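Each chain is listed here by its residues.
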Amino acid sequence: DQQVKQNSPSLSVQEGRISILNCDYTNSMFDYFLWYKKYPAEGPTFLISISSIKDKNEDGRFTVFLNKSAKHLSLHIVPSQPGDSAVYFCAASAGATGGYQKVTFGIGTKLQVIP
Amino acid sequence: GAGVSQSPSNKVTEKGKDVELRCDPISGHTALYWYRQSLGQGLEFLIYFQGNSAPDKSGLPSDRFSAERTGGSVSTLTIQRTQQEDSAVYLCASSFQGAYYGYTFGSGTRLTVV
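Chains V and F, in that order, give the protein sequences. Its first residue numbered 1, the first sequence is counted upward by one per residue in our numbering. Its first residue numbered 1, the second sequence is counted upward by one per residue in our numbering.
Check the hints yourself; a few may be wrong.
As the list claims (entries may be wrong) - Beta-carbon label-pair distances, calculated as ranges: (1) V:68 to F:55: 27 to 35 Å; (2) V:17 to F:114: 42 to 50 Å; (3) V:102 to F:40: 19 to 27 Å; (4) F:55 to V:81: 38 to 46 Å; (5) F:72 to V:102: 19 to 27 Å; (6) V:78 to F:2: 39 to 47 Å; (7) F:27 to V:40: 26 to 34 Å; (8) V:45 to F:7: 17 to 25 Å; (9) V:12 to F:114: 33 to 41 Å; (10) V:40 to F:51: 19 to 27 Å; (11) F:18 to V:40: 24 to 32 Å; (12) F:51 to V:45: 21 to 29 Å.
To be verified - Taking lysine to aspartate or glutamate pairs in the DMTMM-like style, the calculated list, with each CA pair at most 25 Å apart, reads: (13) V:56 to F:63; (14) F:57 to F:24; (15) V:68 to V:24; (16) V:110 to F:44; (17) F:57 to V:84; (18) F:15 to F:63; (19) V:102 to F:14.
What the hints assert, rightly or not - From the structure, some residues in chain V lie toward chain F, with a derived Cβ separation under 10 Å: (20) 34; (21) 43; (22) 85; (23) 89.
Bear in mind the hints are in silico, worked out from the structure with no lab data behind them. Since this is a predicted model, take the numbers as computed values, not measurements. Yeah, the Cβ is synthetic: ideal placement off N, Cα and C, and Gly gets one too.
Using the sequences and the hints given, assemble the complete structure.
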């Protein structure tokens, strides 16, 4: 039972345009969401996160939007750069009180930014 | 160290043999996690350590899998009597606290069981 779903296995975008990566979740207890980026032969690296008390969080070219009623979040990259080509994992956890929360990951979306 | 270090980076083993995977977390990180990624799958949680204890080992797929952590630092994931379905990339991550701050992952150990 996949609680975090990334339905698009891959996405191709022209350099300079917007990349939009989507993620849906089924567990209504999730209240903290993260995006990780992974290059080949490397471990995932933390990119950006959002708490369920917010609907938007921005960090430079990266913005994450959260729609709790739809159980949907998205990562926007503007403008997209060739170095953004990687696999992007959506992740979620429940119980945002600090300390330990198990993080559940999606299967990832492979983004290719075409120069 | 500067990052999370995992060894070996690649391991090919024969079916039925035991393997040990090592993780050296970032110094001072009290939390340590093991995940694995099988081909075409997402990151699958295996076990979480806080210090030397494992409050959550719910993701270990069978009793052939075990893990320990000593001195609040290095962790070893052991797979006994390996099977072909154990083939995956095994990722270790560490953090100061929980998910709030994001995990720092190692580069993983690619295990191939032949």
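**OP:** Just tell me: holds or violated, for the beta carbon distance of residue 12 (chain V) and residue 114 (chain F) against 33 to 41 Å?
**Re:** holds (35 Å)
Original post:
If you check the beta carbons of residue 17 (chain V) and residue 114 (chain F), does the distance land in 42 to 50 Å?
Top reply: holds (43 Å)
Original post:
Going by Cβ atoms only, is residue 89 (chain V) closer than 10 Å to chain F?
Top reply: holds (7 Å)
Subject >> Distance restraint hint 19 to 27 Å, applied to the beta-carbon atoms of residue 40 (chain V) and residue 51 (chain F) >> reply: violated (33 Å)
Original post:
Does the alpha-carbon distance linking residue 110 (chain V) and residue 44 (chain F) stay inside the 25 Å limit?
Top reply: Holds, at about 18 Å.
Original post:
Under the criterion that the straight-line Cα-Cα distance not exceed 25 Å, is the pair residue 102 (chain V), residue 14 (chain F) satisfied?
Top reply: Not satisfied, since the Cα-Cα distance of roughly 32 Å exceeds 25 Å.
Subject >> Hint validity - residue 34 (chain V) Cβ closer than 10 Å to any chain F Cβ >> reply: holds (6 Å)
**OP:** Check the following: the C-beta atoms of residue 45 (chain V) and residue 7 (chain F) are separated by a distance inside 17 to 25 Å.
**Re:** The hint (17 to 25 Å, Cβ to Cβ) holds, given that residue 45 (chain V) and residue 7 (chain F) are roughly 20 Å apart.
Original post:
Is the Cα-Cα distance between residue 57 (chain F) and residue 24 (chain F) 25 Å or less?
Top reply: holds (19 Å)
**OP:** Identify whether the interface hint at residue 43 (chain V) stands, where standing means a beta carbon of chain F within less than 10 Å of its own.
**Re:** Cβ of residue 43 (chain V) sits 3 Å from chain F, so the hint holds.
Subject >> Given pair status - residue 63 (chain F), residue 56 (chain V), alpha carbons within 25 Å >> reply: violated (42 Å)
Original post:
Is the distance from the Cβ of residue 72 (chain F) to the Cβ of residue 102 (chain V) consistent with 19 to 27 Å?
Top reply: holds (20 Å)
When held up to the earlier numbered hints, the structure conflicts with 6, 10, 13, 17, 19 and 22 and fits the remainder.
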